[in-house]
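If you read the protein sequences in the order shown, they are chains A and B. Heads up: the first sequence runs through residues 1 to 322, numbered per my numbering. Heads up: the second sequence runs through residues 1 to 638, numbered per my numbering.
Treat the hints as calculated values from the structure; they're not laboratory data. The structure displayed is predicted, hence computed values, not measured ones.
Only some residues are given here: those of chain A computed to face chain B with a beta carbon under 8 Å:
no.	residue
1	Ser31
2	Lys69
3	Gly172
4	Glu184
5	Arg185
6	Ile188
Heads up, the beta-carbon is just placed ideally off N, CA and C, and yes, glycines get one too.
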Amino acid sequence: MKFLKALTACALVMPLATQAAETVTIEVGYSPGGSYDAIARLVADHLGDHLDGHPTVVVENVPGAGSLKLAKMVIQDGSGARIATVSSALALRPIFEPDETDFDPRKAQYLASLSNGASYCVAHPDSGITSLQEFLDDPDAKAGASGKGSTTYTYPAAIKAALGGKFQVVTGFKGGAEIGLAMERGEIQVRCGIGQASLQPGTPGEGFVVIAELSPEPRHEFEGVDFALDFAPSENREALKLVFSSGAVHHPFLVGPDVPAERVEELRAAFTALAEDPAFLADDETRRTFTHITPGAEVEALIDGFLAAPEAVQAQARAFVE
Amino acid sequence: MDIFLEAIQALFEPMRLGMLVLGVVTGLVIGVIPGIGGVFGLTLLVPLTYTLDPVAAFALLLGMSSVTTTSDTIPAVLLGVPGTVGSAATAIDGHELAKQGQADRAIGAAYLASMIGGLLGALLLALSLPVIKPLVLLLNYGDLFAITLFGLTLVSLLSGGNQFRGLFAALLGILISFVGLDPYESAERWTFGEIYLWDGIPTPVFFLGIFGLSELTGLIARGRIQHSAAAPAPGGMLRGMREALANWPSVFRYSAMGALLGAVPGVGVTVIEWIAYGDAARRKGDGPDFGKGNIRAVIAPESANNAKEGGALLPTLAFGVPGSATMAVLLGALAIHGLVPGPRMLADNAPLMVTMILTIALANVIGTGICLGLTPALARIAQVPATRLVPPALVFVVLGAYQSNLDLRDLLALFAFGALGILFKRFGWSRPALALGFVLGPNLERFFFLSYQISGWSWLAQPLVLAMAAVIAATLLRQLAGWRRGRKASAPDPAPRSNLALVLALVFAVAAALFSTFAMPFATGLFPRIAAIAGTILGAGLLGQAFSNRTAAPAQGTLAGVRGDFRVLGLGILFSVLLLALGLVAVPLFLIAAGIRYKVPLRPNLLGAASVTAAAFAVFRVLASNTWPEPFFARLLP
Chain A
1 MKFLKALTAC
11 ALVMPLATQA
21 AETVTIEVGY
31 SPGGSYDAIA
41 RLVADHLGDH
51 LDGHPTVVVE
61 NVPGAGSLKL
71 AKMVIQDGSG
81 ARIATVSSAL
91 ALRPIFEPDE
101 TDFDPRKAQY
111 LASLSNGASY
121 CVAHPDSGIT
131 SLQEFLDDPD
141 AKAGASGKGS
151 TTYTYPAAIK
161 AALGGKFQVV
171 TGFKGGAEIG
181 LAMERGEIQV
191 RCGIGQASLQ
201 PGTPGEGFVV
211 IAELSPEPRH
221 EFEGVDFALD
231 FAPSENREAL
241 KLVFSSGAVH
251 HPFLVGPDVP
261 AERVEELRAA
271 FTALAEDPAF
281 LADDETRRTF
291 THITPGAEVE
301 ALIDGFLAAP
311 EAVQAQARAF
321 VE
Chain B
1 MDIFLEAIQA
11 LFEPMRLGML
21 VLGVVTGLVI
31 GVIPGIGGVF
41 GLTLLVPLTY
51 TLDPVAAFAL
61 LLGMSSVTTT
71 SDTIPAVLLG
81 VPGTVGSAAT
91 AIDGHELAKQ
101 GQADRAIGAA
111 YLASMIGGLL
121 GALLLALSLP
131 VIKPLVLLLN
141 YGDLFAITLF
151 GLTLVSLLSG
161 GNQFRGLFAA
171 LLGILISFVG
181 LDPYESAERW
191 TFGEIYLWDG
201 IPTPVFFLGI
211 FGLSELTGLI
221 ARGRIQHSAA
231 APAPGGMLRG
241 MREALANWPS
251 VFRYSAMGAL
261 LGAVPGVGVT
271 VIEWIAYGDA
281 ARRKGDGPDF
291 GKGNIRAVIA
301 PESANNAKEG
311 GALLPTLAFG
321 VPGSATMAVL
331 LGALAIHGLV
341 PGPRMLADNA
351 PLMVTMILTI
361 ALANVIGTGI
371 CLGLTPALAR
381 IAQVPATRLV
391 PPALVFVVLG
401 AYQSNLDLRD
411 LLALFAFGAL
421 GILFKRFGWS
431 RPALALGFVL
441 GPNLERFFFL
451 SYQISGWSWL
461 AQPLVLAMAA
471 VIAATLLRQL
481 AGWRRGRKAS
491 APDPAPRSNL
501 ALVLALVFAV
511 AAALFSTFAM
521 PFATGLFPRI
531 AAIAGTILGA
541 GLLGQAFSNR
551 TAAPAQGTLA
561 GVRGDFRVLG
571 LGILFSVLLL
581 ALGLVAVPLF
591 LIAAGIRYKV
601 PLRPNLLGAA
611 SVTAAAFAVF
621 RVLASNTWPE
631 PFFARLLP
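The task is simple: from the sequences and hints, build the whole structure.
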């Protein structure tokens, strides 16, 4: 009976206990599953090794509004301890949504971005489309897209507008999974905005025909693939480049605007150290996440650069994706 | 055959079997707790698999995710609170049977249907491995649109006494489901500037409010789950199991349907179970009307929701395209173990794929076995005084609704839909019709726009679309005849004046919604406008009906019931406020206070509070990795 009483008392006071061990939290702006979640979990498994006191790093999912919800939370939170990873496309939001004055990606402090590979348009092998020109000229070709804020929409829409494409963009898919299946079914032929990592040998995307590289500067990661900007008339080139630019800071990790500089430096150093960490690189290899770490200061400079584009170029980019 | 034997050998190693059982037990526990489901379980377990070999890892993961839809029946039947979104349809008739003292019968039938469904889903997966591609590619968006539309025509069968009210409820459900960014233009609809509403009303919160809260609140007034105090007749569980077997054609039908639709990403378990429920209502069979405790209404959705898991694994393995949210997480786990889904996987890792299928099958058998063993004890809960059940259940419903986003607005939505659920229930409006509209509305719109963009109108000539159109026409004609006959015989209003007020409020809301659609871009406003026009016309008719009925005598006790329900809802709100102010410390405080209020003797009160607190703490603080916001009270401290 005494034991029972003690047990009851223990159970009742349990909620007062706080987490004893120090933990660092990485929040992901998307649901579990998908590349943002996968990369966050990869980072979480190794980041603690490079921080003082080797804290446990845990991942939480805070999905909503294509990660805009989390981005806004982090900026509002100021000095909060959370590290967040959100869509790189948000970096261009002030350009595409100029009326929305309550969100400025420059307010956050960036720790690193975890990939910078080019983005691509791919066609299903059964579609018969083998090059960017064929895609542009085919009035029956369709590219699948989710929401209009997603790069699955902004990229093909901008290509269509800037390069005079005749193809159509189909919106309303719930995500990459649905687009992939619709391609298998032959309902759509092309998907744009797919990362280099998803097309590597040994990933489900390896069977696709890569038809165009979408990046501000050519990378030539796949041999013989057309570089989209080469097809742009000179008056459209800068604006199209701006649309593609956010890919350079893909999978950014950030903290609130008021986090003290020393803490930001410590975290940035830990991210930079990951790039040399054999255990991290080995896991990166097994999980096929294909990360490439860009230091936080560089990420910030890049984003400042995007948003400092001349107003005329910004307006043209905005018109491309409408 | 060799592969099969190899797979059995691989899976039956003691450590791997142990992992499977551990997964199953975890899945069962997660299924029982409202508001959390398979995705929660997977994010919990995936890190544990880093050091396991792939067979053991997937025994753990698939073992867990295969059975959450088995045990979610327990709270659904006993309390009317769906354990996961996959058992909302089961809750309706299952809980009605529990009220009639037949909880064990409902649970027995549900488990067996779940198990057979799970096994058939696994079997389908096994059989289709060689022809995996054609099966996954069977249905295009035109077909899916037709299936969804068919699902919606089933609504009047779920309307209870008053068909027009049912139809109106469904339209209301559709309108509620349109809150958020539209799928075509990504323009905002009824979001009131709140980013929270961009992704729509969260489905678990909607179901916990409409079904869960409104059943829990009624429980206190009734005294206990079961109407009569007499102990249930023995053998109920076996009777339920026999009934599931006797209904084998429908078990097979809905299992096949669950597996097939489960293989289509973007359809989802809620849609599958509601279409199964509606279709079962359409077919002739024994027993009372659906909604009044028909065992077939339990068997149909339970067969479908467990079969879904096998189906959802198909596109995941075949193309690396996850068939459901849980499968998206599982896909990540495959990558961690260096496995690449796709045609190559079948060639390179055939034995592992067979062990996965075996895992699903075995998990269903083990899960059902464990649940059946617990049933006699669980069924006795039906006789426990409600005052001891409701406060802990409220705690779990609130925690479940809150934990996924830790957003105050989730709680506001929970209680708003709880209040709507109470009014619907007490005034004789169909909650299943509302749910069907809510679940199918977004798909109807999305599949239409996708079909139209992909193939204009030519999809209308597809064979399956034509066949579904014929079925839809036949169903509608039959219902039209039913309406003409049933017009005079519609059920009397339990509370005519209050009902008039409710109709007035709802019609006003629908008309306001209609008005606001004119400010939206054409495609964004199209479907909301169609639904709102139909709703306004139907609502005007209902308003006339309610107005002419307003002087009729109310049924005894209806208004007192509503008042009682709202008092219990207030209790839930009180707990939420405490939770926000104090954090999890609110759990024991609230439970002990509620125990004192309801005169529960001290010892069971403390013991109950302690065990619920321990469980809540273990799940929501230790296991869940979400950081809770600092309690309001703690912020006041220096």
